[in-house]
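This is what each chain is made of:
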Amino acid sequence: MSLTVAEGEIVALLGPNGAGKTTTLRAVSGTVRHTGEIVFEGKQIARSKPDAVARAGVAHVPEGRGLFAELSVWENLRMGAYVRGERRTLRQEAPRVFKYFPWLERRRDQQAGTLSGGEQQMLALARALVGRPRLLMLDEPSLGLAPTVVHEIFRIVKELNADDGLTVLVVEQNANVALDAAARAYVLEVGQVAIEGESAELRRHEGVRKSYLGY
Amino acid sequence: MALPLAVVWSQVAQQVTSGLAAGAIYASLALALVLIYQTTNVVNFAQGEMATFTTYIAWTIMNHGVAYWPAFVLTLLIAFGGGVTVERVLIRPVEHRPELVIVILTIGMLIAINGLTGWIWGPEVKAFDSPFPNRSVIVGGVAISIQDIGTFCVCLGTVVVLWLFFRFTTLGLAMRSVAFNPDASRLMGVRVGWMLALGWGFAAALGAVAGMMAAPTVFLDPDMMLVILIYAFAAAVLGGIDSPVGAVVGGLLLGVVINLLGSYVDFVGQELRLPTALAVLLLVLVIRPRGLFGRVVVRRV
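Chains as they are written, first to last, in the numbering used here: chain Z, -10 to 204; chain F, 305 to 605.
Since the hints were made in silico from the structure, they are not lab data.
Since the structure is predicted, the reported quantities are computational estimates derived from the model, not experimental observations.
Think of the CB as a built atom: it goes at the ideal place given N, C-alpha and C, for glycine as much as any other residue.
Hints may contain errors.
As the list claims (entries may be wrong) - Far from chain Z by the CB rule (all over 10 Å, computed), these chain F residues:
(1) Thr389
(2) Met413
(3) Ile415
(4) Leu420
(5) Ile534
As the list claims (entries may be wrong) - These stretches of chain Z come out as covered by chain F in the derived footprint (C-beta under 8 Å, 3 or more residues):
(6) 42 to 49
(7) 59 to 67
Take these sequences, add in the hints, and give me the full structure.
See below:
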């Protein structure tokens, strides 16, 4: 299996359960053992530990979001800035992130575990952004969320991509929203790339339409 | 009740203050246990022996003519380094093994460090200097020993400094995040292994404070922390083993209650203090299994 994400691009990973989408992201962030090569900005990171991959500039918002439920919203954001030196990074990046999530600033002292599911997903996204990643990996950001919240999240991701050229690799079950946001997509089936191409192209692909788009 | 009420009250107040001093020592050691439990999920049975060992080091440093407070600070640094080393060298290799393996390892450390202490310094009891004068001050008719006030302030001061560290520094936040969610912390770029080692370092330093504060009254011998460790366990469980605030409050509470029971309940006296403390503990746990301050996480999905 081979895939590439170019700088400034949003790429979607689609496919059924068990196809290896999550495992692919985890291989990149170093949280699962694997063979093969992973090159990030010209550097081999396949053998790097998760904390080293994070410091190299890859932010991974995992399945289940990986928030610190017991810590406050603000402390979660502080942890997002940790990767680049907490205090200076936070001073520079927090105002920028609050522009996309104004409500976070008002609720900075709330315990993260008491946020609603959609708010938690947004906090996880905001926390990743505070560290100014050069690659953002999102694992099923739509999981368990209401359609309006899902659209809101993807709208913000698209906006970030347009504003700052943020590079995104997103795993999604919801092929519709993912293809809407992504320039290109890979469809995985049992650990292999079954189909790949531009989003518009995949929308016309009969197999993709039947299996993932539902029309 | 032939005594006037005022006299009784001053006696009670005296017992309370000396209970608070003893409790502050239990609180320090209990907090050390909680620190390690929170980060590594290990109950460190060797915590008391580590404290004893570092107190002997303090004794040796002072015997070489170093004044009390410089020796105190030097001992804390040595204890911190020792704690970090113990985690890196002994705990790290068994980190992912079943809990029982780690428990047996810390019990092994207890026995080994105890033996090592006796082997290096000998089994005989030694006197240990106190930095505080052996006098009392009268506050509102209550005689309070300066020794007790000093012990209380040093132990609680250490706890407060540690609290400020965890609350306000980047490193402190990273250590807390590791305690809550090590996997997510790794994704934030935190070197989790080192945070665990630092946790052991801080715990060892806290233990050293407890040891140095206890030694002037219990005297220096290889088993001096045994009973104090049991009280510290009781305090930690009483407060909730996952709650630093609980450990401190539990320690102080236990110190006061034991002192009052020992002085005012005839059948308790000196000999039955320990079993009584454990009985009280058992009672609390039957009523409130997660301890007084045990964590209840509010979480929505």
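Establish whether the coverage given for the stretch 59 to 67 of chain Z by chain F is satisfied; the threshold is a Cβ-Cβ distance below 8 Å, and no fewer than three residues must meet it.
Per the Cβ count (4), the hint holds.
Are there three or more residues in the stretch 42 to 49 of chain Z whose C-beta lies closer than 8 Å to some C-beta of chain F?
holds (count 4)
Non-interface claim for Met413(F), where every Cβ of chain Z lies beyond 10 Å:
28 Å, holds
May I ask you to check that Thr389(F) keeps its beta-carbon over 10 Å from the closest beta-carbon of chain Z?
22 Å, holds
If I take the minimum Cβ distance from Leu420(F) to any residue of chain Z, is it greater than 10 Å?
35 Å, holds
Once the closest CB in chain Z is found, is it more than 10 Å from Ile415(F)?
35 Å, holds
Hey, is Ile534(F) genuinely clear of chain Z, shortest beta carbon separation above 10 Å?
29 Å, holds
Of the numbered hints listed earlier, not one is contradicted by the structure.
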